[in-house]
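S.K.: Sequence:
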Amino acid sequence: MMDTNIKQLRDPEEIRQHIRNIYKKNRFMEDYFHIHIDEIHCGSVTVSLKTDPLKHNNHRGRLHGGVLAALADSVTGVTSASVGASVVTVAMTMNFIRTAKPGETIRVTSHITHNGHSTIVIEADMFDEEDHLMSNILATMMVVDRFTEIPRRWNG
Numbered sequence: 431m432m433d434t435n436i437k438q439l440r441d442p443e444e445i446r447q448h449i450r451n452i453y454k455k456n457r458f459m460e461d462y463f464h465i466h467i468d469e470i471h472c473g474s475v476t477v478s479l480k481t482d483p484l485k486h487n488n489h490r491g492r493l494h495g496g497v498l499a500a501l502a503d504s505v506t507g508v509t510s511a512s513v514g515a516s517v518v519t520v521a522m523t524m525n526f527i528r529t530a531k532p533g534e535t536i537r538v539t540s541h542i543t544h545n546g547h548s549t550i551v552i553e554a555d556m557f558d559e560e561d562h563l564m565s566n567i568l569a570t571m572m573v574v575d576r577f578t579e580i581p582r583r584w585n586g
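Note that the sequence shown ends on residue 586 in our numbering; no numbers are left out.
No wet-lab data here; the hints were simulated from the structure.
Here are the computed lysine-lysine pairs in the BS3-like style, where the Cα-Cα straight-line distance is at most 27 Å: (1) LYS455 / LYS480; (2) LYS485 / LYS454; (3) LYS437 / LYS454; (4) LYS455 / LYS437; (5) LYS455 / LYS485; (6) LYS485 / LYS531; (7) LYS531 / LYS480; (8) LYS480 / LYS454.
Modelling step: build the complete structure from the supplied sequences, incorporating the hints.
M.R.: Following this line, the structure appears as structure tokens:
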């Protein structure tokens, strides 16, 4: 049930900025991985990560799959926030198709395919700098709380 004492945001730019402010406090995304939120729309998000070979490579000098999984998991959280949901991951399937070169910027686009009261299902695609598909992702998120100031539906 929505707390009537919290003003629900209406302006799309205010909603986007509010979501960015929420994730600026996320030390994992902000301080360690430096994940950048590029675009936010209701139910869809684009994030990017400039990979750092010193931090993100495995013992063979290639991007570690765990970095890509963390990026995928992060985009699902931001995507859920775009419809006012605070979530935890229940399941995530990630098909690794190709890797990126160390030092490249990776981009992930996502969209919600199911926005229920207790679960959200998100599809996402990950691309390298040349727009080659690196991975496709399917995630089921459990709603554990609501950002009552962010509407479940908004234009923009």
